[in-house]
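Engineer: Using the sequences provided together with the hints, build the complete structure.
2 protein chains.
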Amino acid sequence: MVDREEALELHSKNPGKISVEPSVEIDDAEDLGLVYTPGVAEPCHEIDRDRENAYQYTSKGNLVAVVSDGSAVLGLGDIGPEASMPVMEGKANLMKKFGDVDGFPVVLDVQDTDKIIESVERMAPTFGGINLEDISAPKCFEIEEDLKEKLDIPVFHDDQHGTAIVVKAALENALELAEKSLEDSRIVIIGAGASGIAVANFLVNAGAEKVVPVDSSGVLDPESGNGYKAELAEKTLAREESGSLEDAMEGADAVIGLSTAGVISEEMIESMAEDPVVFALANPEPEIMPEDARDAGAFITATGRSDFDNQVNNSLAFPGVFRGALDARATDINEEMKLAASEAIKNFVESERDKIVPETLDRELAMDVAEKVEEAARETGVER
Amino acid sequence: MVDREEALELHSKNPGKISVEPSVEIDDAEDLGLVYTPGVAEPCHEIDRDRENAYQYTSKGNLVAVVSDGSAVLGLGDIGPEASMPVMEGKANLMKKFGDVDGFPVVLDVQDTDKIIESVERMAPTFGGINLEDISAPKCFEIEEDLKEKLDIPVFHDDQHGTAIVVKAALENALELAEKSLEDSRIVIIGAGASGIAVANFLVNAGAEKVVPVDSSGVLDPESGNGYKAELAEKTLAREESGSLEDAMEGADAVIGLSTAGVISEEMIESMAEDPVVFALANPEPEIMPEDARDAGAFITATGRSDFDNQVNNSLAFPGVFRGALDARATDINEEMKLAASEAIKNFVESERDKIVPETLDRELAMDVAEKVEEAARETGVER
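Keeping their order, the protein sequence lines are chains A and B. Just so you know, this note's numbering puts 281 at position 281 of the first sequence, and the rest follows in order with no gaps. So the number in this note's numbering is just where the residue sits in the second sequence, counting from 1, plus 1000.
Hints listed in this document are in silico derivations from the structure and should not be mistaken for laboratory results. Heads up, a few of these hints could be off.
Listed next, with one range per pair, are the computed distances between beta-carbon atoms [as the list claims (entries may be wrong)]: (1) B:1013 <-> A:260: 45 to 51 Å; (2) B:1013 <-> A:6: 38 to 44 Å; (3) A:241 <-> B:1030: 51 to 57 Å; (4) B:1009 <-> A:309: 47 to 53 Å; (5) B:1030 <-> A:207: 26 to 32 Å.
Since the structure is predicted, the reported quantities are computational estimates derived from the model, not experimental observations. In this text, a Cβ means the ideal position worked out from N, Cα and C, and glycines have one as well.
Structural biologist: Here's what the structure looks like:
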């Protein structure tokens, strides 16, 4: 486990985890006259003539806002904008490290759906893309949908789609090792927040026919819950099944926990089908510790943590996804681009039981994901 | 004069003028576990406990948003957010270069006063300071006043106060060389936009008793114009004088042009008092070219440009002003801090007729300004 003091010391050193640096050097008065007044008027003119020239003369095309209202941060919940800042900075740090993307944290002191939409819309001319982060469900769905519609730059809620992309890659590799197919496997998904709903939808869209979405009240009910839950229930076994998490787990080939610490018991795992796959992705404490899961018969385990095997972590996806989208100057990150990213991650490893996903620290992975995402952007016509 | 092609080439190289860089390195899984999940939860907790801890564990305390709606950019006017981006990036670049401040451009797609205020308010938790830039008058006054009231971080409209700080320093040095005092000199200020009004107010507050503010209709009228113009008129000779710019210039000891190209004629300069000081600060084309001003008898000339002597440029002030304010974790940039900055700039040079201000490329100057500003912040009790 990570040492508390060490984490605090690292964060207080500079302090923080990002810095803004000149990418053009000013060495003499002539340089200053180009970077600042009077020379700066020239690119201003060019962009005034045609807004698209912002991609040619400014940092816009490589800038991604990492936006949060701090309403659903990690497992910590609604801690507000200031306290969410370390997560957003971490994201920005990784974007540059692995994807050469200039991520910048923007934490917002407003939690109303419409006001968040409005705030992002207003600052959008600055950026080449928007990464929404740690915004609570269900408002996160509406915010993303609305911004995707309104803006001509890609908008990506990483808690939803980053997670979905990586989970699908990891799950397909795990099921292959267990000699099962995505289509025919009974897949229980625990949690119907941003990531749970997005993972379930992404797997269903990719052909999974036996998904069972569960929230804290049991198998989702097509007749109740928010619209996003009901809509998902209709597309899964939840339209015909009901019951508790225990009930749902019986005979399941895979379980994907995107909920809270400790909700999976060893008994539940014992009730699963042969060679069960157990992803316990709650952070920082998983739904069941991987050693306990294996003791109970899990064939393959994964968590969200770096201190166990098989870290299913969004950082496998988002740096490459944004790199690819920015390289295409894409107007959107669509389903095909997400599928291409997931495929690239899946194929990046010769998978084994303790290695169903690539290492999180692999820059080559991000570049490979980027290439595939850019390709998909061009094929689907969302490039500039 | 700056070469157009060269300016465009410089801006398109990266493209843009800033980048966001990791300030903490991630070399292995352990680092990742500290920077990102699970370690990142620790600083989140600490800030959740006390918001002020954001200064200890995040980049907030060194981040300054360079905010514009693009409504009054250089001499180019209302060119909108995208086209204003090169100016904001230039500012951010200089902030780091000279003041070690992490400036970040945020251009807003909204021009309404209340909406600009609201937008900045919402993103404020991210930043340690707000630099407003190229927002048109008179709305810029209300925006700044309101944000200063609402936010607990310093808000500084550079077009107003950066200009005022540097102009006062330059003018005092020039008047000293001409053996005149600020109090007794007749000082004509051309232009009643953001910078004109701020310069006039700053000089009046510093003791100048014979300021004559002029706009495109002539000497300001205490009975008309927007409230800011009328209020200024009441504090200056405009309360008792009227007439044209020509009239105002007769017998003036100094003229400060903050308006548009070409409005000062040689005849006007010939009508001024002995050893007249002529600041023609319109950008990129000054109110009168310095050689023409000198031909007409100007004792000292200054412009806003780097290709002439005596460049009166905000970049002499803002990097140090923000450095000092951030070092004090100031809640405001108040009048005393601005006066301290102006004094530091004035005293930084052994002034001569062709050197009434320091070189714009001097990092030591910014550090000196910072020290004085931080001191003033502590003396006036706005430090954290």
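Engineer: Could you check the structure against the hints above and give me the numbers of any it violates, in ascending order?
Structural biologist: 3 and 5
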